[in-house]
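> Modelling step: build the complete structure from the supplied sequences, incorporating the hints.
In case you want the letters, here they are:
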Amino acid sequence: MTNYIPKIQHKRGQLFDSLFILFLVYVSLYIPLFMESDTKSADETTSVQVITWESLNVSPVEQEQWQKLGFDELAAAEIINDRFDYTIDPVMLIITVLVIVGYFFFVLRVSDRQYREVIEEKFGAAGSRATNEQEDAR
Amino acid sequence: MSQSTSSGGEQKRISMLKVLNPFHVWALGVGIVLVGEFMGWNFSVAKGGAYGALIACWVIGLLYSCVAMIDSEVTSTVAAAGGQYTQAKHIIGPLMAFNVGLYLVMAYTMLEAADALIVGDLMAAVASATGYADLNPQPFVVLTIAFLAWLNYRGVFMTLTVNFVITLFAFLAIIALFIGSDPLNPGNILKHSDLLTELPYGWIGVVAALQFGMWYYLGIEGTCQAAEEVRSAGRSIPLGTIGGILTLLVAATLTWYVSTGLMPWQYLGQATTPLYDAASIIGNPSLQIVLFIGTMFAAIASANGCINDAARAWFSMGRDRYMPTWFGAIHPHYRTPFRAIIFLIPIAVSFAFTGLLDQVITFSILSGLLGYTFMSFNMVRFRKMWPLDVIKRGYIHPFHPIPAFTLLGLCSVVYFATFLGYGASLLSIMAFYIVASVWFVKRRYQFVKRADQFTMPWPRPKGY
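One line per chain: the protein sequences are Z and C, in this order. Going letter by letter, the first sequence gives residues 1 to 138 in the numbering used here. Going letter by letter, the second sequence gives residues 1 to 464 in the numbering used here.
A couple of the hints might just be wrong.
In silico DSSO-like links for lysine-lysine, alpha-carbon gap of 27 Å or less [claimed, not checked]: (1) Z:Lys122 to C:Lys449; (2) Z:Lys68 to C:Lys191; (3) C:Lys442 to Z:Lys7; (4) C:Lys462 to C:Lys384; (5) C:Lys449 to Z:Lys11; (6) Z:Lys122 to C:Lys462; (7) C:Lys442 to Z:Lys122; (8) Z:Lys7 to C:Lys449; (9) C:Lys462 to C:Lys449; (10) C:Lys384 to Z:Lys122; (11) Z:Lys11 to C:Lys442; (12) C:Lys384 to C:Lys449; (13) C:Lys462 to C:Lys392; (14) Z:Lys7 to Z:Lys122; (15) Z:Lys122 to C:Lys392; (16) C:Lys18 to C:Lys392.
Listed next, the stretches of chain C that the computed footprint assigns to chain Z, with coverage defined by at least 3 CB atoms under 8 Å from CB atoms of chain Z [unchecked claim]: (17) 202-213; (18) 358-369; (19) 418-428.
Simulated restraints on C-beta separations [claimed, not checked]: (20) C:Pro401 to Z:Ile5: 38 to 46 Å; (21) C:Tyr257 to Z:Leu74: 24 to 32 Å; (22) C:Asp134 to Z:Phe20: 33 to 41 Å; (23) C:Ser15 to Z:Asn3: 19 to 27 Å; (24) C:Leu388 to Z:Val91: 42 to 50 Å; (25) C:Glu198 to Z:Asp89: 22 to 30 Å; (26) Z:Arg83 to C:Arg235: 47 to 55 Å; (27) Z:Ala125 to C:Lys392: 21 to 29 Å; (28) C:Asn188 to Z:Leu33: 46 to 54 Å; (29) Z:Ala126 to C:Phe353: 51 to 59 Å.
Hints in this document: simulated from the structure, not taken from any laboratory. Every value quoted in this text rests on a predicted model; they were computed, and no experiment measured them. Beta carbons: idealized from backbone N, C-alpha and C, even for Gly.
Right, dumping it as structure tokens:
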């Protein structure tokens, strides 16, 4: 079998490839801005009530610690009433699982094919003399 | 391993200097991570409450213990720059290696950007407290990255010696905070009985907390990047890595204990600098200064380690032609991957200035998580293709394959946790790695010399 002789890449091509991978990174950073990803939703039910430490269900010790941190009940209420929503969208979950599993399946499968080329070039075809020489060298 | 670089018009084969010891390895791993104890881990409190964060701390601690065990065995055998990238090249194949290289570069460069932002914000906070309100933090972000890049350019020994000193100071600051909180007299300063609550979101919140539980340890696997520059990889990498994970387990537990005994969980869950706030509540000015310096040092150490690791991963990919070969050069005098270091400076700065800190941090965490998923496959294949009696390891981790399968299971749960909070980011980052993989297969692989991808003096792998 003849060894693979890789192409030589010129500087312009090297620059293009470096910029291309950076372009991909920036695109993937900005994509979520165009998709709905915010799972936080403020509790709107308390906004019209008069806020006191008692209405926030804060114990005297907690109140003391909030005050040591420089918060009054109004400022604390904003944080206390800000809650996460963990509702699961089953369709999105299935898509996400398929994407992750599919990605690893693709990468492992193609890697295995490429790895066989590497091993064959490095050690020779399976069962050849090169294999024995390597093992003897060990 | 050696690399060619041009010097005076001649091509010479030169290698990196082997000057590091286990303390440097510890400083690299813990240095990258420890900033996560000063800020970031506490977002897991917002996700699942104080107890949820503690469970996350221990569950993710188990994940990283598996990472440390697996990494120690494979890296003590594959002692080359690039760490997990080089492991993937020898054990799984070029496309996986390309992806792992990208995970490393993205995880560390984006973490570096976040660290530099923290330094800038701390400087602005000091200025504000001393009467200079509205100080622009951006020049400090650029200066931090530029100074650390210069340090990295000049040599790995000085870089990681500095990291050792400032990381040790930051770790001791956490110990000082713990002692200053009078832990032997519960109820005096620490008020756990009044501040700890039930799980606010139930167990789904605990699962969601796992995503930010990663901050307690994210980056410890970076110790592998030093493999080509340690005097004895078989001894230094396992010692430094396992010593590092033990340090982090102690620091994480102390951090959780002190913080949750001082602050209501809702405040803690959104605090920018929780340990500094803890010192402020205790009301000891000396402790406040120590924690301020500790926070600053932790952020600088993390950025410093990230530059070191990202540059080595990028350099290794250039050396193997997975990325342009121009990056695969070592400085003829300082013996550092200088082109990779310089190239990544403006990129880190641009990440810091995108205004997308959430996305940048999620990208960093997910890239790390993808890397841990790879490690589980990698370990199983490594033992299968080269059983214990076939090649000599510097370290053999116990209970194989339990750590590998545990790691894979825990990674799956953390993907789900990420989906709960950042589903759109998760998909867009996966899209990046899928497109990049197709691009590698269709374009970059034609420049790769096949046999050069296997450089270890190992026998032919079983099954190939």
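> Taking the hints in turn, state whether each one holds.
Hints, verified against the model:
1. A C-alpha spacing of about 11 Å is found between Z:Lys122 and C:Lys449, which places the hinted pair at or below 27 Å, so the restraint holds.
2. Straight-line distance between C-alpha atoms of Z:Lys68 and C:Lys191 comes to about 14 Å, which keeps the hinted pair within the 27 Å bound.
3. With a C-alpha separation of about 13 Å, the suggested pairing of C:Lys442 with Z:Lys7 holds against the 27 Å cut-off.
4. Distance check on the hinted pair: C:Lys462 and C:Lys384 sit about 7 Å apart at the alpha-carbon level, within 27 Å; holds.
5. Our distance criterion of 27 Å between C-alpha atoms is met by C:Lys449 and Z:Lys11, whose separation comes to about 18 Å.
6. At most 27 Å may separate the alpha-carbon atoms for a hinted pair to count; Z:Lys122 and C:Lys462 meet this at roughly 14 Å.
7. Of the pairs offered as hints, the one joining C:Lys442 and Z:Lys122 holds, with about 23 Å between alpha carbons and a cut-off of 27 Å not exceeded.
8. Restraint check for Z:Lys7 and C:Lys449: the C-alpha separation of about 9 Å stays at or below 27 Å, so the hint holds.
9. Our distance criterion of 27 Å between C-alpha atoms is met by C:Lys462 and C:Lys449, whose separation comes to about 22 Å.
10. Using a Cα cut-off of 27 Å, the hinted pair C:Lys384 and Z:Lys122 holds, with the two alpha carbons roughly 20 Å apart.
11. Only pairs whose Cα atoms come within 27 Å are accepted, and Z:Lys11 paired with C:Lys442 is accepted, the gap being roughly 19 Å.
12. Taking the CA atoms of C:Lys384 and C:Lys449, the gap is about 26 Å. The hint holds against a cut of 27 Å.
13. Between the alpha carbons of C:Lys462 and C:Lys392 the distance comes to roughly 16 Å, so the proposed pair stays at or under 27 Å and holds.
14. For the suggested pair Z:Lys7 and Z:Lys122, the alpha carbons sit about 19 Å apart, so the restraint of at most 27 Å is met.
15. Between the alpha carbons of Z:Lys122 and C:Lys392 the distance comes to roughly 21 Å, so the proposed pair stays at or under 27 Å and holds.
16. Restraint check for C:Lys18 and C:Lys392: satisfied, since their Cα atoms lie roughly 21 Å apart, inside the 27 Å limit.
17. Coverage of the region 202-213 of chain C by chain Z holds. Counting CB-CB distances below 8 Å, 3 residues qualify, and the rule asks for three or more.
18. Counting residues of the region 358-369 of chain C whose C-beta lies closer than 8 Å to any C-beta of chain Z gives 3; at least three are required, and the coverage claim holds.
19. Figure legend: the region 418-428 of chain C, annotated as covered by chain Z; annotation consistent (10 residues with Cβ-Cβ distances under 8 Å, at least 3 required).
20. The hinted range of 38 to 46 Å is satisfied by C:Pro401 and Z:Ile5, whose Cβ atoms lie roughly 39 Å apart.
21. Taking 24 to 32 Å as the suggested C-beta distance range, the pair C:Tyr257 and Z:Leu74 conforms, at roughly 30 Å.
22. Checking the proposed 33 to 41 Å range against C:Asp134 and Z:Phe20 shows it holds: the Cβ atoms sit about 39 Å from each other.
23. Between C:Ser15 and Z:Asn3 the C-beta distance comes to about 25 Å, which sits within the given range of 19 to 27 Å.
24. For C:Leu388 and Z:Val91, the hinted distance range of 42 to 50 Å is satisfied, since their beta carbons lie about 46 Å from each other.
25. Roughly 27 Å separates the CB atoms of C:Glu198 and Z:Asp89, a value that falls within the hinted 22 to 30 Å.
26. The hint said 47 to 55 Å for the Cβ distance between Z:Arg83 and C:Arg235, and at roughly 50 Å that hint holds.
27. For the pair Z:Ala125 and C:Lys392, the beta carbons lie near 27 Å from each other, so the given range of 21 to 29 Å is met.
28. For the pair C:Asn188 and Z:Leu33, the beta carbons lie near 48 Å from each other, so the given range of 46 to 54 Å is met.
29. Between Z:Ala126 and C:Phe353 the beta carbon distance is about 53 Å. The supplied range of 51 to 59 Å therefore holds.
Hint violations for this structure: none, all hints satisfied.
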